[in-house]
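*Asks:* Letter by letter, the chains look like this.
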Amino acid sequence: MPVFDNIPALLVVLPLIASAIVSLLPSARVAWILTFVVTLLCLFMAFELVDIVSNTSSFSYAFGGWEPPWGIVFVVDGANVYLVLLVAFISVVSTFYAYTILAAEIAVEDLPKAYSVWLLAIASLFGLSMTGDAFNLFVFLEISALSSITLIALGAGQDRRALLAAYNYLIIGAIGATFYVIGVGYLYAATGTLNLTDIVDRLNELGTNQAAITGLAFMLAGIMVKAGVFPVHIWLPAAYSFAPSAVSSLLAAVATKVAIYYFARLLFGIFADITLLVEFFLLYILMPVSIIGIFFGTIAAIYQTDLKRLFALSSIAQIGYITLAFSLNSNSGISAGFIHIINHALIKGSIFMAIGIFAFCIGKRATMTSMQGVGRQMPITFAGFVVAGLALVGMPLTAGFISKLYLFKALFETNNGILVAIIAFSSVLSVLYLWKIFEVMWLKEPTKPLKIEKEPIMAYLPVWMMVAVIVVFGVYSNDIVMSGIGAANALIGAN
Amino acid sequence: MSDLQVILCISLVIPLVSALGVLVFAKYPNIRDICGPIGGIISFIAAVKIASSIIQGDIVYISLWQIAPGISFSFNVTPLGAIFGLVASGLWILASIYTVGYMRGSGEKNQTRFAFYYAVAIHAAMAIAYSGNLLMLFIYYEILTFSTYPLVTHSQTEAAKNAGRLYMGILVSTSLLLFLPAVLWVWTISGTLDFRQGGILPSDFPVIYVPFLLAMFAFGIGKAALMPIHRWLPAAMVAPTPVSALLHAVAVVKAGVFSILTVTVYIFGIDFLNASGGAIWLAWVAAFTILASSIIAISKNDLKARLAYSTISQLSYIVLGASLATAAAVEGAALHIVMHATAKITLFFCAGAIYVNAHVKNISDLDGLGPKLPWVFIAFFLASLSIIGIPPMGGSWSKFLLMAGAVDAAMPAMLLVLAVSSLLNVYYLLEPVLRAFFKSAKKDIHVEKHVLTIIPPVITAAISLVLFFAVDWIMPLTNLMVVQ
Chain A
1 MPVFDNIPAL
11 LVVLPLIASA
21 IVSLLPSARV
31 AWILTFVVTL
41 LCLFMAFELV
51 DIVSNTSSFS
61 YAFGGWEPPW
71 GIVFVVDGAN
81 VYLVLLVAFI
91 SVVSTFYAYT
101 ILAAEIAVED
111 LPKAYSVWLL
121 AIASLFGLSM
131 TGDAFNLFVF
141 LEISALSSIT
151 LIALGAGQDR
161 RALLAAYNYL
171 IIGAIGATFY
181 VIGVGYLYAA
191 TGTLNLTDIV
201 DRLNELGTNQ
211 AAITGLAFML
221 AGIMVKAGVF
231 PVHIWLPAAY
241 SFAPSAVSSL
251 LAAVATKVAI
261 YYFARLLFGI
271 FADITLLVEF
281 FLLYILMPVS
291 IIGIFFGTIA
301 AIYQTDLKRL
311 FALSSIAQIG
321 YITLAFSLNS
331 NSGISAGFIH
341 IINHALIKGS
351 IFMAIGIFAF
361 CIGKRATMTS
371 MQGVGRQMPI
381 TFAGFVVAGL
391 ALVGMPLTAG
401 FISKLYLFKA
411 LFETNNGILV
421 AIIAFSSVLS
431 VLYLWKIFEV
441 MWLKEPTKPL
451 KIEKEPIMAY
461 LPVWMMVAVI
471 VVFGVYSNDI
481 VMSGIGAANA
491 LIGAN
Chain B
496 MSDLQVILCI
506 SLVIPLVSAL
516 GVLVFAKYPN
526 IRDICGPIGG
536 IISFIAAVKI
546 ASSIIQGDIV
556 YISLWQIAPG
566 ISFSFNVTPL
576 GAIFGLVASG
586 LWILASIYTV
596 GYMRGSGEKN
606 QTRFAFYYAV
616 AIHAAMAIAY
626 SGNLLMLFIY
636 YEILTFSTYP
646 LVTHSQTEAA
656 KNAGRLYMGI
666 LVSTSLLLFL
676 PAVLWVWTIS
686 GTLDFRQGGI
696 LPSDFPVIYV
706 PFLLAMFAFG
716 IGKAALMPIH
726 RWLPAAMVAP
736 TPVSALLHAV
746 AVVKAGVFSI
756 LTVTVYIFGI
766 DFLNASGGAI
776 WLAWVAAFTI
786 LASSIIAISK
796 NDLKARLAYS
806 TISQLSYIVL
816 GASLATAAAV
826 EGAALHIVMH
836 ATAKITLFFC
846 AGAIYVNAHV
856 KNISDLDGLG
866 PKLPWVFIAF
876 FLASLSIIGI
886 PPMGGSWSKF
896 LLMAGAVDAA
906 MPAMLLVLAV
916 SSLLNVYYLL
926 EPVLRAFFKS
936 AKKDIHVEKH
946 VLTIIPPVIT
956 AAISLVLFFA
966 VDWIMPLTNL
976 MVVQ
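From first to last, the protein sequence lines are chains A and B.
According to the numbering used here, the first sequence is numbered sequentially starting from 1.
According to the numbering used here, the second sequence is numbered sequentially starting from 496.
Just to be clear, a hint being listed does not mean it is correct.
The calculated lysine to any residue pairs, modelled on SDA-like cross-linking and capped at a C-alpha distance of 20 Å, are [to be verified]:
{"id": "1", "chain 1": "B", "residue 1": "856", "chain 2": "B", "residue 2": "914"}
{"id": "2", "chain 1": "B", "residue 1": "656", "chain 2": "A", "residue 2": "435"}
{"id": "3", "chain 1": "A", "residue 1": "409", "chain 2": "B", "residue 2": "686"}
{"id": "4", "chain 1": "A", "residue 1": "409", "chain 2": "B", "residue 2": "654"}
{"id": "5", "chain 1": "B", "residue 1": "544", "chain 2": "B", "residue 2": "557"}
{"id": "6", "chain 1": "B", "residue 1": "656", "chain 2": "A", "residue 2": "447"}
{"id": "7", "chain 1": "B", "residue 1": "856", "chain 2": "B", "residue 2": "603"}
{"id": "8", "chain 1": "B", "residue 1": "604", "chain 2": "B", "residue 2": "686"}
{"id": "9", "chain 1": "B", "residue 1": "604", "chain 2": "B", "residue 2": "544"}
{"id": "10", "chain 1": "A", "residue 1": "436", "chain 2": "B", "residue 2": "654"}
{"id": "11", "chain 1": "A", "residue 1": "444", "chain 2": "B", "residue 2": "605"}
{"id": "12", "chain 1": "A", "residue 1": "409", "chain 2": "B", "residue 2": "655"}
{"id": "13", "chain 1": "A", "residue 1": "436", "chain 2": "A", "residue 2": "283"}
{"id": "14", "chain 1": "B", "residue 1": "604", "chain 2": "B", "residue 2": "652"}
{"id": "15", "chain 1": "A", "residue 1": "444", "chain 2": "B", "residue 2": "655"}
{"id": "16", "chain 1": "A", "residue 1": "444", "chain 2": "B", "residue 2": "663"}
One side of the interface only, derived from the structure: several residues of chain A facing chain B at Cβ under 7 Å [unchecked claim]:
{"id": "17", "residue": "408"}
{"id": "18", "residue": "409"}
{"id": "19", "residue": "420"}
{"id": "20", "residue": "424"}
{"id": "21", "residue": "427"}
{"id": "22", "residue": "428"}
{"id": "23", "residue": "442"}
{"id": "24", "residue": "443"}
{"id": "25", "residue": "446"}
Because the hints were derived from the structure by calculation, they are not lab data.
Since the model is a prediction, treat every value here as computed from it, not as a measurement.
The beta-carbon is built from N, C-alpha and C at its ideal position, and this holds for glycine as well.
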């Protein structure tokens, strides 16, 4: 069917067009319905895409019939098809969740505009995960940054600090994007092309080329800012904690993941032939930085009292686990990284959603003091939150355990006992902050009687949808593992 | 599915069904409280059938789906697992009857929640017993920890919460820090985690790593309460006595030593372990734990605390047997799981019965209580004899085999450890009985009679006695553990 041939383009174009329409709609409810329908369609198309790629292994879409390397292409293969599916799934779930929670956090007359930017963000995430053109990626990066910043700034209705957080993200994100585009410039000067597949061929012909290496260094640095890798994560904690809850869940789940995917593609797909640089970078830069990031994020989270900020810090640690897996530079390491990209998106997305519901029901920010005894008053949300928390520390029968299983497998293959010990220790530390929250929410008595609203079903349903997926992936892990291994094979096989 | 597979499923699922029954009949206490004993009886019958099939040489195996390459969600009954399954399900029958008497007698709150988690914990223990590979064992090990947490903190007092924090802190952190990495290490080098006679480690596994890997298991399996990670067990004694009796004398701690024994027999293989000499240090750690905790037990005046330290000491008998890694020692260790379980559950039943009926917790207050609760103290006396290892009580067999194993392993020092330990046992276990029968009461204590708390210890004490003569029912299983 002709529609199916155009799925990669439609995944971006459909939310883009809808975004324009939604901004003109007068009613918040109609805007939400249109947004939700569009994300559902995207999910449907993403499943279709998985189907196509599982048959043909790679699917390339040339815009306007301009064949690569001249035109812009979208490439979908084993490495990013599940990422597209993830983005589509998270968009549906968090849009569903936004119905009550986003509506409660920002003014009604702003809602259609908010959904418009929301769709823009989703479109850019799809674009980022599929584009096969280095400069086109920069364009999507900018769309993604600007729409995310707008969404974060919407949190100002709740807490004025959202504006500062958005401003910080704007500045730091712009620096990151500049680094990236400078890198692309160097690369273009060296190779004369922007098409990623073409770049691989040209680099092969060139051999060692200083301009290309400089370009790669700039590009990696720029993408690391976007991915929230320690130590260039500084925009992330404030941005996640002051954004409206629905936005936090969308951004925390997929925005950084898309950048990490591209980071991996650069390292293992595009520049893998510049082995000297890549190996140096992985071993002497990425690995130490990941380990420090893991401990920084975890320890900072232990001392944090604001729940959203706490889990934003935990995200930095979790991103550290993903980049650590990549830094092992082995097939199983890359698989483990991709498995954790998906699992962590599901886990962190559901956690941010649950915190949003807590805050909504007590009418205050979720902190260690305001949350005392709330768990017992809101059992449905709290139960989902606990399962997601268990997944975060990697308890068996949750998706987090599968991530851990494969990360440790990759670590053991390096025969580096100290590394294994460090990571095992860090995972025990992460139990601490979750235990602290459990104690506050379940065991402590509230200081004064709580006025708690009923848990809205439209809000906890999406949390439980995610939690169900987390448990299914933990019990029946075959699909998720195959997606990770497929991604690693697609990247390594591509060069 | 074959008949045996159906029976295996029954023995695993029935505790969960019983847990659901507890929830469904929460409003009808009499129906709710019968769920446990009925579940216990059905599970036990299934466990007996499984054990007899294993003795006949059948394979009892069910594989549901694949978790990871080379690892499936499966249950595969080893001879050792069959023994542990018998112990857990059989003692559950009596413990659940006792629970009813205790909880009603002492008027505890939230009895439904208590009964629910109790049954879930038994499910986890049964699944540990019958687990098909090391990862399954780990998964249910964690589930057992989590399902017993609400039981430990049942009273919801500040003391209970602190104990719960220590309980979770030690058990979860050791398992994540050491146990899980050890499991994954084995998986990475062997490509499988199945339990096989003679072990699964590749033959080129460097001998110098053996002590490290063994240490990761021995200290990672915190439920075995090897010193210095034993602190959670005395802390867990804040729980109502039925928890201490079944879980912290039988299901949880035995799951710990069962795991260590399983690892030595089916992952390392006793021949490999013996030849490598990598377990000698563990024998010394176990010996230290045996003596040190016996000495601490003497200093405890609280009856349950004394029994807790006695448990720590006795658990290390089993760890000692595993680390000696000779046929007789391993058989003795497996037998000790049964013998110690029946004897120690009796002691805890008695401690709880004394508390519910006479409201006495401390040993110094037991004076003259014997004639008022004669059956309780006679049961206590018999169980003590079994733990000391005096014929004609079941415990004498396991101690005898452990001693024979120490001789085989050419570690005569361990004979001395076991002998000294027996003397210490005599001192700290017989003191309560002597006080109760031969000292005159200091003050008049009002004694009630809750029959359901008195019958179970008498039965378990009788079982301890019967096991001396009926050891031939279990020995075929222990023999299967060590045949080539």
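*Asks:* Evaluate each hint against the coordinates.
*Replies:* Okay, the hints, checked on the actual structure:
In summary, the hint linking residue 856 of chain B to residue 914 of chain B is not supported, as the alpha carbons are separated by about 29 Å, beyond the 20 Å threshold. At roughly 12 Å between alpha-carbon atoms, residue 656 of chain B and residue 435 of chain A fall within 20 Å of each other, so this suggested pair holds. As the CA atoms of residue 409 of chain A and residue 686 of chain B are separated by approximately 11 Å, the hinted pair is consistent with the 20 Å bound. Between residue 409 of chain A and residue 654 of chain B the CA atoms are separated by roughly 40 Å; this puts the pair beyond 20 Å, and the hint is violated.
Annotation: proposed proximity of residue 544 of chain B to residue 557 of chain B holds, straight-line Cα distance about 16 Å (limit 20 Å). Taking the CA atoms of residue 656 of chain B and residue 447 of chain A, the gap is about 18 Å. The hint holds against a cut of 20 Å. With a C-alpha separation of about 17 Å, the suggested pairing of residue 856 of chain B with residue 603 of chain B holds against the 20 Å cut-off. Distance hint between residue 604 of chain B and residue 686 of chain B is unfulfilled; the C-alpha atoms sit about 49 Å from each other, more than 20 Å.
Between the alpha carbons of residue 604 of chain B and residue 544 of chain B the distance comes to roughly 37 Å, so the proposed pair goes past 20 Å and is violated. A hinted pair counts as satisfied when its Cα atoms are at most 20 Å apart, and residue 436 of chain A with residue 654 of chain B qualifies at roughly 17 Å. At roughly 18 Å between alpha-carbon atoms, residue 444 of chain A and residue 605 of chain B fall within 20 Å of each other, so this suggested pair holds. Distance restraint check for residue 409 of chain A and residue 655 of chain B: the Cα-Cα separation of roughly 38 Å exceeds the 20 Å cut-off, and the hinted pair is therefore not satisfied.
A C-alpha spacing of about 35 Å is found between residue 436 of chain A and residue 283 of chain A, which places the hinted pair above 20 Å, so the restraint is violated. For the hint pairing residue 604 of chain B with residue 652 of chain B, the CA-to-CA distance comes to about 12 Å; that is within 20 Å, so the pair holds. Note on residue 444 of chain A and residue 655 of chain B: the hinted pairing holds, with a Cα-Cα distance of about 13 Å set against a maximum of 20 Å. Distance check on the hinted pair: residue 444 of chain A and residue 663 of chain B sit about 17 Å apart at the alpha-carbon level, within 20 Å; holds.
A cut of 7 Å between beta carbons decides the hint on residue 408 of chain A: the least distance to chain B is about 4 Å, and the hint holds. Restraint check, residue 409 of chain A versus chain B: the minimum CB separation of about 6 Å is within 7 Å; hint holds. Below 7 Å, beta-carbon pairs count as interface contacts, and residue 420 of chain A has one with chain B at about 6 Å; its hint therefore holds. Restraint check, residue 424 of chain A versus chain B: the minimum CB separation of about 5 Å is within 7 Å; hint holds.
Below 7 Å, beta-carbon pairs count as interface contacts, and residue 427 of chain A has one with chain B at about 6 Å; its hint therefore holds. The closest approach between the C-beta of residue 428 of chain A and any C-beta of chain B is roughly 5 Å, which is under the 7 Å cut-off, so the hint is satisfied. With its C-beta approaching chain B no nearer than about 10 Å, residue 442 of chain A sits outside the 7 Å limit, and its interface hint is violated. Hint on residue 443 of chain A holds. Least Cβ distance to chain B is approximately 6 Å, under the 7 Å limit.
Because the closest C-beta pair between residue 446 of chain A and chain B is about 15 Å apart, greater than 7 Å, the hint is violated.
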